[in-house]
Amino acid sequence: MDTIERSPENYIQAMNEALGQGGLHIATKISIEAIEHYPDHQEIQKYARILAPPKTTFHKLPPDLYARIHQDWVMQHRFDYRGRWVALREGKLIADAASADELIDRVGEENMKSVFFTVVY
Numbered sequence: 001m002d003t004i005e006r007s008p009e010n011y012i013q014a015m016n017e018a019l020g021q022g023g024l025h026i027a028t029k030i031s032i033e034a035i036e037h038y039p040d041h042q043e044i045q046k047y048a049r050i051l052a053p054p055k056t057t058f059h060k061l062p063p064d065l066y067a068r069i070h071q072d073w074v075m076q077h078r079f080d081y082r083g084r085w086v087a088l089r090e091g092k093l094i095a096d097a098a099s100a101d102e103l104i105d106r107v108g109e110e111n112m113k114s115v116f117f118t119v120v121y
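Position one of the sequence shown corresponds to residue 1 (the numbering used here), numbered consecutively onward.
Just so you know, these hints were derived from the structure itself, not from any lab. Nothing here was measured: the structure is a model prediction, and the numbers come from that model. Each residue gets a CB set at the ideal place from its N, CA and C atoms; glycine is no exception. Careful: at least some of the hints might be erroneous.
[What the hints assert, rightly or not] Across the chosen pairs, the derived CB separations fall in these ranges: (1) Y66 - E36: 15 to 21 angstroms; (2) E9 - K29: 17 to 23 angstroms; (3) L93 - H25: 50 to 56 angstroms; (4) L24 - G83: 46 to 52 angstroms; (5) N16 - Y121: 49 to 55 angstroms; (6) N16 - D101: 25 to 31 angstroms; (7) D80 - D105: 17 to 23 angstroms; (8) Q13 - D40: 17 to 23 angstroms; (9) E109 - S7: 57 to 63 angstroms; (10) A100 - L24: 53 to 59 angstroms; (11) P8 - Y66: 54 to 60 angstroms; (12) K60 - Q13: 41 to 47 angstroms.
Construct the complete structure from the given sequences, taking the supplied hints into account.
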């Protein structure tokens, strides 16, 4: 981009041209420079927001104390319940069914949060 002409419109045009030619990385660099020069310009803000790298949020969940117990249960009973859906709570079978829908009906949708359920292969 020509360093003499740096109006917001020139930046926007340069970003559009870069994007039109598949230059996402170049358009992103231009948007960073543009927002430094025109932080209050709405259109520049929009481009900078759209072209900014994605933000990811990481939430560390508490460990599932029963995960290993549930895995062990499935391994120990895989031949008895092969092809069946099972619901476990604290390592104990509370229901089994031919389909996920049937299992949810048996356990109750409101109780599914506290239940480990899977199909056994």
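We went through each hint and held it up to the structure:
1. Y66 - E36: 15 to 21 angstroms: violated (52 angstroms)
2. E9 - K29: 17 to 23 angstroms: This hint holds: roughly 18 angstroms between Cβ atoms.
3. L93 - H25: 50 to 56 angstroms: Roughly 54 angstroms apart at Cβ, these two residues keep to the hinted range, so it holds.
4. L24 - G83: 46 to 52 angstroms: Holds, at about 47 angstroms.
5. N16 - Y121: 49 to 55 angstroms: holds (52 angstroms)
6. N16 - D101: 25 to 31 angstroms: violated (50 angstroms)
7. D80 - D105: 17 to 23 angstroms: holds (22 angstroms)
8. Q13 - D40: 17 to 23 angstroms: Hint holds: Cβ distance 19 angstroms, inside 17 to 23 angstroms.
9. E109 - S7: 57 to 63 angstroms: holds (58 angstroms)
10. A100 - L24: 53 to 59 angstroms: Since the Cβ atoms of A100 and L24 sit about 41 angstroms apart, the hinted range of 53 to 59 angstroms is violated.
11. P8 - Y66: 54 to 60 angstroms: holds (57 angstroms)
12. K60 - Q13: 41 to 47 angstroms: holds (44 angstroms)
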